[in-house]
Amino acid sequence: MASGSTVFLVMMNGQIETGDFPGFDDDLYVKFNYVYGPDWVMTAGLEEGTSQTSRKSKDDLGRYVWNFPLDVTFKSTNPYGWPQVVVNVHGQDVYGTAVVRGYGAVHVPISPGRHVRIIPLYVPESSSHFQKFTSWLMSRRPEYRDHNTVARGEGREVTRVRSQGSIRVTFNVVTRDMKKLGYDVIPSTLSIPSTATTAAMAANPKPGAAAAAVPTANVPTSTS
Amino acid sequence: MSGQSTLAAKIRERRKKLRESLADTSRETEGSDMELTPRTNGFPESGMHGDDDETALSSSREAYDDLIEAQKLIDDLEERRAETKKELEQSLKESDKPKPSKRTKLKPITPKAEETPKIEDEATKDEKPKKKKKARIKKEPKDETEEAKEEEAEPTEKPEEDKKLMSAEEAVLAVAAGTAGSSSPAPANLNQSIRDRLRKKMSQMKEKAEEEKKEDDEKEPGKVVTGKPPPRRLRGMRGRQLATRFDEPMSDDEKKLHESIAAKTMWQKARKALKKKESAMPSEEEAFDFFVKVFDKEPDLPSVPPTGEPEAGPSEEREESAKEKEKKEEKEKDEEEKPVEDAKEDEPLLSDYFVDLEEWKTQPYSVNRAQYTPYQKVVDREAKVYFRPSVASVPENDKIPEERQPRYLEDEGFYVGVRPPVERRNVNIEENRLLMREDKGRKWFGDDGRIIALPDPLKDQPTRPPVIEPEDIDVFLQTDYKKAYVVDFDSRFIDGLGETYGSYQIDVDINSIIFSHHSLFSKEHVLAAKLQQLYSQYLMRSQKDATTFLTDKLRALKEAVAHLKKQMDAQMKDLNSSFAQDQMTRYQDYKYEIRQTRKSRDTEMHYDRQLLKNILKAWKEIKALRESQGCINTAVKLSVRKEETDKDEDMTQWKRDIDEEISEAREEYEETFNENMSRYNLAKAEYDRQKKIKDAIKKRKKRRRPKRQGSRENLTDRTSDTGGESQTEDDEDAIPEPQKPAYEFNEQEAREKIKSKAQQIMRKPGEPKLYPELTNAAVITPTHNCPKAEQSRRRDQQKCQCYVRILFNNKEVSRTSVKTLTSDFTVHFGDIFNIQIVQWPESIRLEVYENGSFSDTMLAEVYAAIPEPQVTTSNVQIEELDFSSDQKVSYGHEGVGSGYTFKIGDENLAQEYTLLTSGCLLASVAWGVGDDGTVLVPPISQTAGTALGSVKQFDALSAIGATGMVDTEKLAKWISESRLDPNDPANAALLHLIKHVSGDDKKMPVYFRLEQLQQEFNFVTDEELEKSKRFKLIELREKEIPEFRNYSLIPIREKDVTDDIFEEYEKKKKAERDLQVGDDKDPHRAAVAKFLSKVREQVMTRFRAAQHQFTLQDVIAEEPVPNITLLSANLLKLAEPRRPLKPVRKERKVVTAQSLGQTEVKILVNIERAFDVPVRKEALTLTELEAAGGVNSDSVTVRPFVECVFQRHTKQTSVAEGPNPNWSEELSLPFKPPNNDYSSASLQTCKDLVYLNLFDEVVVDMLEDDRARATNIHQRLERKWLGSLKIPFSTVYFQGQIEGNFRLQAPRVLLGYQRAGPMENTTTQYGQGKRDTDNTYLQLFITIEPALSTPEPVKEKFDTTEDEKLLNFAENYQMQFEKKHPKRDILTTVMDINGKSVFVTRYFKALKPPAELLSAESNPLKQAELIARFVSLIPFVSDSVVFPGMCDIWSTCDQFLQMLQGDEEEHAVLLCNYFLHLGKKAWLLIGSAIPEGSTTYVLTREADNNFLIWNPSTGEHYPQYDNFCRLKSVGCLINQENIWANIQLNEEPYRIDFDVTKSNMWRPLFTKTFSNPNLTSVQVDELRYYQTDKGYVSDLTDKIEKKLREKLMEWRPRHITRFNRYCTQVFRNLLRKLEENRGNAAIMEHKSELEQVMGSYTMSGFPLNLTYTEMAPIVDAVYSTGVHVNESTDVEFALAVHIHPYPNNILSVWVYIAAVSRKR
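Protein chains in written order, with my numbering: chain X, 9 to 232; chain L, 2 to 1721.
Don't read these hints as lab results, they were simulated from the structure.
For glycine and all other residues, C-beta sits at the position ideal for the given N, C-alpha and C.
A hint or two may mislead.
[Unchecked claim] Below, simulated EDC-like cross-link-like pairs (lysine to aspartate or glutamate); rule was C-alpha separation at most 20 Å, straight line:
1) X:K187 <-> L:E1055
2) X:K187 <-> L:D1057
3) X:K83 <-> L:E768
4) L:K567 <-> L:E668
5) X:K64 <-> X:D35
6) L:K756 <-> L:E774
7) X:K188 <-> L:E1055
[As the list claims (entries may be wrong)] Non-contacting residues of chain L with respect to chain X, defined by C-beta distances greater than 10 Å in every case (computed):
8) E413
9) T552
10) L555
11) K624
12) V780
13) R1038
14) R1054
15) R1270
16) I1345
17) V1594
18) V1686
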């Protein structure tokens, strides 16, 4: 292959830094995993992990600090299904049963650099007050059958959730070959396609040809 | 009393002295007084409570010294004690007895033990007491005066007490001194105890003090001061004791006393000190005291100092005191020397005070008897002074001036506010009070005689919501003040788009409302209104004076005519035709004009007159009404001015007019007459001419009838004339004879007519001219004089209030104040509203409201015109805007109401009126004028046009109409005119459209696009999208095409996408597209396949959509609400044994496809045991031999093992031995779902089968040389296929687990094997049921690990053509049954191939099986078996495979035969229908069986009343009581008549009664109450059969055989595969026979056939019978037998294929395969 690269790489490292769960005093730990589309492959790093259990800080902030490192490299041919980090926070309720304290997901930032994301978390609500009570009593809170549901839009319309805490994650993203393959994600070098298109259209009245003339026209598109 | 003056003088003197001393020290006292007071106060206090140790210690030394001195004193004074004792005792007793408390109180303060400390104390405290005294001086005088009073014998308690205190104190002091002096006097035990204690204490102190003395000596003088406390403490303690003991009777006063004493002790002491020092040299004061005081009470005091004289202490003390005195004197001298400045400050105060007091004191006064005023006198005297207002109400006359009458403003219609509520009583009191004033409170009373009061200012409701404390409001809810800011107006407003803002103002002036009718009108009002209306009309008319005008005009015309006539006459001679003609026409015109004018004048006059008449009539009516009702309600008054006229003149005028008119009339008449004449002449001429012709014709005809009749005759004769002058009305075509017009102007008649007309319309001659004049001069009768009804009407009227709402652009901007209706039914507002506008005015609406009791009613709404730009406030005129309301009101009083009919007038002459509220609103609307005179009008350019201009700008539709929208040019014009905002997204569509029109000459596109910009957003063009393989790949994946569904890492570059990715897919597509006829497929099957694939595709798309529908349960795992059953189950779980003897397999948790992820799914096959495995013949023979010998050897007869094949993975059990082996082994096979998709949708499409093959492992000894046998083992393992079991994956999947005894499908003939025969134990085990000896059974358990979730059946409500009632009934029935027996299957409706619900009984209908089958057998059972075989040969394909996700689809029998595939129900229905045709009693049996699970069987009742259960897919049948029947439960029975649900206790077929007539066992759907509605069958009347093509069959046979041979060789790549021809030939014959015997070929037959072969060969092989669908399954089946696995070098194979064709392309394929090896 002349150009050499047939894939682009996205390397991300970062940390699940802190969590803010007002109203919870139990010790919490975070589980994370990545959800990505069919055109993505993880080449290095932990696909999923569980953090240490953290206790709430005694200061005014009342934070949970995990500082759990994330380090992963993806290989992909298609930005469709850009990887997302799915986090779920677990703790123990009054009976000492492990319960989920929050689900959340965020896309790995697409542009290189350092990014901080605060992921608001939420948990599914019981479908009735009575069930809420029994679930509390039996410490069997409603959970997602598939925790990756939070990374998908499908099937969410049937659920009701309650927001509960947030988690702060930092990402350091490095990409490779993206520009070479036609994906420009760095804002400073980003060419505005519309101007190019209009320019091309001005040059070439035929719309089909206009699109062809645009340098970015070869950019593979994703269907979704 | 005599010494009073001197005493006073003395006191004065003393005071003066004190004052001087005070003045001296006043400076210090300011500060020291403060600190002294506490100290002196603390002085006794500290003694009482005891001091702290430190002071006690430090003072102990001094105390010691004191004590030593005291000791001396005691010794020295011993002798003197005796003398003083008596006195002391006496004094003590005196002071003790009367006031014990005083004494005890004093005790602590009195220095009792020794003189010295006391004196020292006095000495050291030299200054302080004095200061104290001075400080206290303010207080002192009082005491002194009291003391003075004492002298005056005023028996006041306190001074006396003080004195006593003092005396007691001194006495005690004396006692103390005395006791101290005498060693043991002890006159009382009190003193005794004191001494004892003292002594004790002394000894202690002595020790202490001696120690301390060494330490510090220099502090002595200072210490002396503080040296008091220890003894004092002791004293204090004692004092306490005494206090409690003595104080009991007076404990109440103790405190008070204590306080007063504490305060006094100080200065008492000071005084004492003074006294002491003065004792040496008695001062004036002392002298005074001497006289003043009662000395007998304190006899010791003066005596003490002398006693102490000889002692050192006293001497010292005296010295000291002397020194002190000196000092004091010095000081006093100083004070005297010093100017008395300081003292002066206080001087006047004190002197005044004392002087006053003294003077008062010196006043002599006498005491008189108490005065008493008798009560009555007091009352009387009070009555003179006091005024008690009465509560009785005041008569009104008192409150208003006599000359006036009370006036009630409220009644007069003035608004009087609500008075604040005051209680009547209070009002009366106040009124009475006011009346007491000189002016009689005139100005306090109003005209109505009540107190003038402002309206109650209180409102009923709070105007402000309750505001909690601002701090209490949540921080987030607290509001911040933000300054208001103006938002830019958008273009909807006048100042759009950032142009300069102007202020525009519309002034609306609401002047008044005048009701022309109102519901509160009285009848009189109605008439008055009418009158007024008439009058205004009259006025208008008289102003216009049309009559005069017309009369003048008439005159002028007449003159003109006359002139013309003259001219004409003059010019007659000329006869200039053209001119004359002209003249003539002019003349005619004039004439016409005159006539017209006259006519209009007449009407005008008539109208005028009528009007006048009406006015008069109305007035008359009013008058009559006023009379009748007895009051006057309206102010209207009509006065008629009469203008007398000269009758003669009038007469002549009158006559002239008439004459004129008559002549005119005549002229007119003549004219018309002339005209008529000329017309007549013409007609006549014509007529004559015709007549002549007619006559000529007539002459030829006979003339029988008179002319009249002749004319009638001419009815038929068209050309004949209708002659005769005397003409008749002739309707015929013939010209009638014209009638000659007669001149018959009747002058008289005309005159009469004119006259009467004139009389009607004109004033009669001599009649005076009447000029009505309407004034409002009538006096309205006051209300109280009116009748009741009228009064209430007026009251109502007064209550009635109106207001006007002003709405600008349909928004209320303001409303007028509420005004009361005046008595003449007008409402005056006079309000001008300035409306500052920002929007274009569209409407200005004025709504007239009337206040109602509950809600305001809108009377009318009036639209005011939006003023033209030039109409401004300065030049606007008030307009009358008429309105009327359709409101319907009626009243009980005089008000006539509105909308209701009422009558006016007398009974007989009553006129009916129905009037609606109406009136006019006087208002004006104009543009405002600013302060600088500019008109506040929006820019005219935009207002140009109508008021809708603003709307037009934005709404194209309203501007140019709907048609304009179609006309693009018009639209374009509008767009360019309206200056649309090109940036407004709302306009985008229009602008896009117009882009093509305007600008250049480009043509409009002929299409209209909703999303014009779509193209711009397209990433790539469609062509490109189609061309790109990559996009295609992505697209296909998105569509979830199975092949691409899980495709990952689609290459990023176009060129990386290889073509072969699509190859398979394309091929498949192509195959589907073209009706591909494979080499092994017949066209019919291909067509079926195509049809099916289409159906499947549709189903798939439907299913895919459904798959993306999630339910809550799919997404969220939530505990179900616990209920009783769940709880009890949980509770039972606790009780159940830990390790039950018969464990039951537990339900496992179902895993959903999503969570499966990458975990491996396995199929677990637990093979328990097998029953009745065929044994090798050789071995059997051996055993037989041995058996013959009587020994049942357990030598190896068969070594079976089970091999499990699934998805090309093979696992096998260990080898067991014997015909009933027991493995109990679990085999685990990996499962790979199609397309690696674990979703239930794809899982259920999995067609893979689990093959379980039973083999016999044969050890072939290969050792050639027997000698080597001892050392070598050379063996070969061979496996012989004994039978197999196929279980579809879908069955396992849907069932979750499969468990039970399964019959192996084994060929009837197994070469080299035979059955061991029925085993005794098994026979007994299964009871007496008939045992099928030919079958091997395998006991196993199959499941999937982890358990996969099965798809929920699609609970859709399908379309249906069934009766709704029936469906509901069936559903109800089904629900009831399912509730009772949840495990039993039942169905009432099924889905047909079109996806419609069909009632299941419709599927049953007797259908004729192929004729050849019927003819083949005569035995009914055999016949039935044959038919069952035929049905079973139709390939079985599960619906779930064909139509994944759908419930069972029931195809009809003809569809089934056409498609040649189906699952249980199709087979069962067909079989059932065939049986019905055979006349059997047959039912479709729905239940569950193994391994299929829920399935359908057929039940028949045979002739012998036995029931047979048929498995339609295999063609087998079981008697009802067969234990090995695969059917395990029966849910319901169905046939064309009914559905019977099994409600028996048991469901196993061998335990239930199949007699459906027993209603306690079978519950039918259709009962008597709901009988079978005789549903028509969906089946065709007759199935069509066709013969299978023989040629095709033979071809296929060859093809299969060839294929199998090829495959066989392929499977044995390492060996040469040889075929034994001979055997093949034999097999072929055998196969034919097998088919004929339906597979039940006798072994004997086989034996004979194979005898030759068997002689020289060992054979292992078997015949296979298969249905035919495709080649592949046949190959698979052969492969699975493993015949090819024969490593023997000399093995030969024998293969024969035979196909027996049945009608309709149903083929029975027989394959005989065997491995043959030569016997050695």
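Return the numbers of the hints above that this structure violates; sort them in rising order. Of the numbered hints given earlier, those the structure breaks are 3, 6, 13, 14, listed in rising order.
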